[in-house]
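S.K.: Spelled out, the chains give:
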Amino acid sequence: MSIKTAQESGLALCPKCHKLNNIDPSSGHHARIQCTRCRGMFYPRKPHSLQYTLAWNIAALISFIPANIYPIMILYSMGIGDPNTILSGIGEFIDYGLYPIAVIIFTASIIVPLIKIIGLFLLVYRVHTGVRLRPDKHSKFYHALEFLGPWSMLDVFVVALLVAVVELGFVTSVSAGPAINYFTLTVIFTMIAANSFDPRLLWDKKQGFENAKGQNDD
Amino acid sequence: MNKTKNTKQLIACQQCDALYDAPILKQGQSAKCTRCGCLLAERKVDSIERSFYWSLAGIMLSVPAILLPIMGVTLVGQYHHASLLDCILALIDRGFFMIATLVFLFTLAVPVVRLLGAFYITYSFKFNRLKPSLLHLFRAYHHLDNWAMLNVFMLGIVVSMYKLLDDTELSVNMGLLAFILWLICSTMASSALDQDYIWQELENEFVD
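Taken in order, these protein sequences are the chains called A and B.
First residue of the first sequence? That's 1 in my numbering, and the numbers climb one at a time after it.
First residue of the second sequence? That's 1 in my numbering, and the numbers climb one at a time after it.
In short, the hints are calculated from the structure, not lab data.
Check the hints yourself; a few may be wrong.
Unchecked claim - In silico BS3-like pairs for lysine-lysine, Cα to Cα no more than 25 Å straight-line:
| id | chain 1 | residue 1 | chain 2 | residue 2 |
| --- | --- | --- | --- | --- |
| 1 | A | K206 | A | K46 |
| 2 | A | K16 | B | K126 |
| 3 | A | K206 | A | K137 |
| 4 | B | K8 | A | K16 |
| 5 | B | K8 | A | K46 |
Turn these sequences into a full structure, and let the hints guide you.
M.R.: So, in structure tokens, the structure goes:
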């Protein structure tokens, strides 16, 4: 592959305004650069990208556990509380026969966070070791992860709406449970983790391998 | 390698850092990276005009969308309804301050600020009142890119309607219509905004 990267050519791309900046050759590749166009400070590659991604990811995984154990919503009717966890809420939808909604909630609140956490672990591992690295496939996978992030907030918004709407005093009312805090933290942490990952590392690693191979052939 | 390059005629892929000569695009054309297939550059059709009017409409719609009740329930003769703002206030009432703050940010503050930002930027372009401060403003605008979640809230409304339909009498209010229109306007306003064009114009005006 004969494609040249900006970094090899002594250039760096501003992540905010997408302007190419010349890197001062004396300062090296890890120096902070001020963009000539938007005046923002940035790095040619996100610094310690893998470590940050890993750290936020572990935080997300930890907060995902209490998010599933504690009740996310408590339904009071005639003064008696009926606590619901995320999974038991989905079970209720299945009992009522509302399968499409059950599938949507299950996808948004269980599958998506898990896929994001596992997927980011996998990406970090692959970039770190370089084993079976397929940058084209993996960068598409990363974009899917990034896109899915906000949709996990669905359950939080549903609870927020129900708390506000179902407020009929003693007859019925809905209260949020402690799990909603942990679940929101999970979603925020995975979003920050996905933001900290730099997809350009995938291509850098691959190119590094190919260059090394080329030298060995010579 | 020490010679500095003319960075105006070069462009790099944001996702894989591949370097290309800057393409000359007509309105409606876009360029894709040959290595990773991501969007490289794009010239949007009539960007300033479209974004200006969508964001203007969005700003006007934000007031009813936030304040009017979205839906209400009736059970044994009692009726109660809630708007987007009521959701946040109810969460504060119950002591869920973190969730209230985040819901406020993602569904109210960020979309409103983004609309105002898009409106101010396109207004300045439309009436030729460019100021150097726009560089900072537009940079700040990009920080909020990922954090507007009106579309997720919309799905949340649909799901909670299904949940309520089962054992209560559900009524839909004007707030829902306003909210849907607001969602459409803010999505269109941000997707019509041509970032590459705005940055280039600002650069020509102030940097050189």
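S.K.: So which of the earlier hints does this model not fit?
M.R.: Per hint list: zero violations.
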